[in-house]
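Asker: In case you want the letters, here they are:
2 protein chains.
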Amino acid sequence: MLTDFVKGEKPEAEEIEARIDAARSKLARQQIQIKEKKLPVLVILDGWGAAGKGSVLGRVIKELDPRFFRTETLAQPTQDEVRRPFLYRYFVRIPEAGKISFFDSSWMDETTKSYLLDEYSEKEYANHIRSIKRFERQLSDNGYLLVKLFFDISEKEQKKRLEALREDSSTKWRVEKFDRWQNKHYKTCRKVYDDYLENTNQFSAPWYIIDSKSRKWAELQMLEIMTRAIDTALTNSTRSVPILQNTFPLKTMPKLSAIDPNVRISDDEYRTRLKELQAELSDLHNRIYHKRMPVIIAYEGWDAAGKGGNIKRVTAALDPRGYEVMPIASPEPHEKARHYLWRFWNRLPKDGHITIFDRTWYGRVMVERLEGFCSENDWQRAYNEINEFEQELQDWGAVLIKFWVHIDKDTQLERFNARAADPEKQWKITDEDWRNREKWDLYEEAVDEMIAKTSTEYAPWHILESDDKHFARIKALEIITSEIKKRL
Amino acid sequence: MLTDFVKGEKPEAEEIEARIDAARSKLARQQIQIKEKKLPVLVILDGWGAAGKGSVLGRVIKELDPRFFRTETLAQPTQDEVRRPFLYRYFVRIPEAGKISFFDSSWMDETTKSYLLDEYSEKEYANHIRSIKRFERQLSDNGYLLVKLFFDISEKEQKKRLEALREDSSTKWRVEKFDRWQNKHYKTCRKVYDDYLENTNQFSAPWYIIDSKSRKWAELQMLEIMTRAIDTALTNSTRSVPILQNTFPLKTMPKLSAIDPNVRISDDEYRTRLKELQAELSDLHNRIYHKRMPVIIAYEGWDAAGKGGNIKRVTAALDPRGYEVMPIASPEPHEKARHYLWRFWNRLPKDGHITIFDRTWYGRVMVERLEGFCSENDWQRAYNEINEFEQELQDWGAVLIKFWVHIDKDTQLERFNARAADPEKQWKITDEDWRNREKWDLYEEAVDEMIAKTSTEYAPWHILESDDKHFARIKALEIITSEIKKRL
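As you go down the protein sequences, you meet chains A and B in turn.
Using the numbering used here, you'd call the opening residue of the first sequence number 17 and step up by one each time.
Using the numbering used here, you'd call the opening residue of the second sequence number 17 and step up by one each time.
Derived by calculation from the structure, the hints in this document are not laboratory data.
Since the structure is predicted, the reported quantities are computational estimates derived from the model, not experimental observations.
For glycine and all other residues, C-beta sits at the position ideal for the given N, C-alpha and C.
Careful, some of the hints might be misleading.
Unchecked claim - Only pairs whose alpha carbons sit at most 27 Å apart, straight line, appear in this in silico BS3-like list of lysine-lysine:
hint : chain 1 : residue 1 : chain 2 : residue 2
1    : A       : K455      : B       : K42
2    : A       : K139      : B       : K149
3    : B       : K139      : A       : K203
Stated by the list, open to error - In silico contact screen, one side only, chain A against chain B (beta carbon under 7 Å); selected entries:
hint : residue
4    : R153
5    : F219
6    : W233
7    : E240
8    : R244
9    : R255
10   : I259
11   : L260
12   : T268
13   : S298
To be verified - Quick list of simulated restraints, FRET-style, between CB atoms:
hint : chain 1 : residue 1 : chain 2 : residue 2 : range
14   : A       : T204      : B       : D184      : 54 to 62 Å
15   : A       : K203      : B       : S282      : 52 to 60 Å
16   : B       : S170      : A       : E392      : 33 to 41 Å
17   : B       : T89       : A       : G388      : 56 to 64 Å
18   : B       : A295      : A       : N217      : 44 to 52 Å
One chain only, chain A, in its complex shape:
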């Protein structure tokens, strides 16, 4: 692909200037349309060291309205970032609708560099490529315009530039060790870049190679590629995309109707087991911390099923410095303006920590599906997107435990009535709860589909029978401790 590329004829200096001016004004006008049409635009700049990405980017943004774009320089991951999944630092930086983000070096740079420096095995590298393709596809499928630029220079030109930079004491610092390594191993790098570009050259987000021999010429190419891509994206309205076939290993799960939520435990047994299990979990928490294992516990369930109390019995066993509970309500405007998984990526624990989600990303295939907050294509696509997301967590080494807290319809009614009658608990019951209750059957259908389609072998759903809350708490603690032990 890269080697196939034939550099466009470089125009005369005068023509370049004129076309840069034209493209600049066009981009300035497009910024307004991007805002109006709420289009999120992500432009990634990759390429050879000393190809001039930074200076070209500096010129391109010069006349943009700073309220509507951001630039992100993504060199080495920070200490905090290396404790998260590989894609974390990119995902949390995706632009919101109506804005442009520029990434100076993207996931390509990190991935190919680690591979070239033998920090990844072939298998790890292949896994990263797979993750990247999925990530890029998810962005496109969710309405993002992704513009991918590779700044290309020859071996000789790179050498010349690196030498010039090093000779000047004021620029010497800009030459990194890897730049020199890259130039020394130019052919090897080129082969790896070629393959990477070919592998990730999805037609929905194709690569554009920028001939970077001259800065002005490179700037013009970048401007014209961007404005054209934005034009194309602006003419499109939301569209449906093919629903991909499941390729994840799924466990066979029962339907909710086959489960009796009324399982009891004696008070004595409850107290004894609770003490034992909390002690065990407390101990495991230390080991999790030392092993730097991330743990994510996700709670979903019927209203009034007892999620809150269940979570409390878990956190009671944990060191407050090592866990967080994330209550998930409707998304805030700045969250709604991004990929629906963004707010969950943003809330991932550091390795060695535990995050408990009180309601989760599964809202997409329950409330958002049933209330029409997203299109049918959106929620149908979401099963796969969520399985992909959870596989990223799995690849990262996380333990992911998903609970469906289950009660029967009568028990819910009893608890609603009890809450309504108790002045101290009235706040816990809202009109919305009553409305949701009316849709019980639709929810049950959605939950059955969710459990069937997202019970992957690495992250199956666990049903907590919770007519007896004590039973559900013990069962949750048993599952949590046993899942963690399996992985320690």
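We have chain A; now place chain B onto it with these hints.
Answerer: Okay, now just chain B, sitting in the frame of chain A:
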């Protein structure tokens, strides 16, 4: 990909029946919407021998309205088809808008089979994969819904089925030699299929693997995949797609304004050279035939530039059994209902033959662009689509010669007036010609862009200066003879 695939849990027989019924009625309803929305749908069925593609297809189509679908069985290419480019027999069979075509075995089958049987080199195989990806992308980009199904069975199951077929004298004939070869080399085949599926698994046209252990279950999967894909496609309106970067080697070409179309030749020289060149071409025509070399000569140019007379001087030298002239007017309704290149694929010569196009597929980036017969995204995309098309011709071994017959604006006016004044030539001049003339500058801009973007090294444009028609004829014959000689 194939090996990643996890077979969906097969439901109970009763549920399968019920869901088949539901999907069947849905598909019947969708047929009407497909017609109304003018959606072209192409479903390809690939997979293992004896996987049951044929019988499943037979059941799926049983209740469809036969006016709106076709099935095509694409086994071995016919004698006529092997004399065309590899993709020819698929391209000419694509459905028209509003109809469904089913291909029982697609380009996958032909390509992987030839590769497995060592009929292709690695390089040829890679070229075919590239052609296939481009072809599939062109279909999606041009509004086609492409549904790709792979019918999967295990080695053991295949063996069992093949043995059962062979034991029965009434079905013995259905077991082909390749089926047995495939079963004997199951693992090798699986590896090749896996790679193929992975390589061609574009997100805009993803693969679906059908677990084919039971016919009914396979039928249900096919029906549900189809109806879902059709649903998705029906909700989309026409959309713009990214304009891909040029990756073809381009020659630098002058703009029309830099060319003086007024070059003269004496009458004597004209007569002498014409005789010589026609004799030479006549001789070359025999050699073309014996070498089975396909030759395509494409004429474009200003109205009244002298295309017709020029073509006559070429055909005068040719054996009528070995050439055809294809005058290209506005597309017929059945042509308009398909990919715009379809009518040109349909008119390709057999190898050893010459086809002369009087106007060509370049109408897309001239008249269709300027008259708004296609969207801006359509014609901007077309440069690449056309370069891809011409590379298919090149890969096939064709000589492709493209002429722009050039005159200046005054010469055109003189010829228009002369035609208008001559009762025998009045039919040659229409109101449309006068209207086009008013748009001379816009056309010139479009022609300049076309020549710049489609003068690939393997098929550059040749400008014929045609103020003096004699000169243009001699130049055309010189180019034709010399290009053919280069390749013989």
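Asker: Decide, hint by hint, whether the structure agrees.
Answerer: The hints, checked one at a time:
no.: 1; hint: A/K455 - B/K42; in the structure: holds (26 Å)
no.: 2; hint: A/K139 - B/K149; in the structure: holds (26 Å)
no.: 3; hint: B/K139 - A/K203; in the structure: holds (22 Å)
no.: 4; hint: R153; in the structure: holds (5 Å)
no.: 5; hint: F219; in the structure: holds (5 Å)
no.: 6; hint: W233; in the structure: violated (15 Å)
no.: 7; hint: E240; in the structure: violated (10 Å)
no.: 8; hint: R244; in the structure: holds (6 Å)
no.: 9; hint: R255; in the structure: holds (5 Å)
no.: 10; hint: I259; in the structure: holds (6 Å)
no.: 11; hint: L260; in the structure: holds (5 Å)
no.: 12; hint: T268; in the structure: holds (6 Å)
no.: 13; hint: S298; in the structure: violated (37 Å)
no.: 14; hint: A/T204 - B/D184: 54 to 62 Å; in the structure: holds (58 Å)
no.: 15; hint: A/K203 - B/S282: 52 to 60 Å; in the structure: holds (57 Å)
no.: 16; hint: B/S170 - A/E392: 33 to 41 Å; in the structure: holds (35 Å)
no.: 17; hint: B/T89 - A/G388: 56 to 64 Å; in the structure: violated (44 Å)
no.: 18; hint: B/A295 - A/N217: 44 to 52 Å; in the structure: holds (50 Å)
Taken one by one, the earlier hints fail for this structure at numbers 6, 7, 13 and 17, listed in ascending order.
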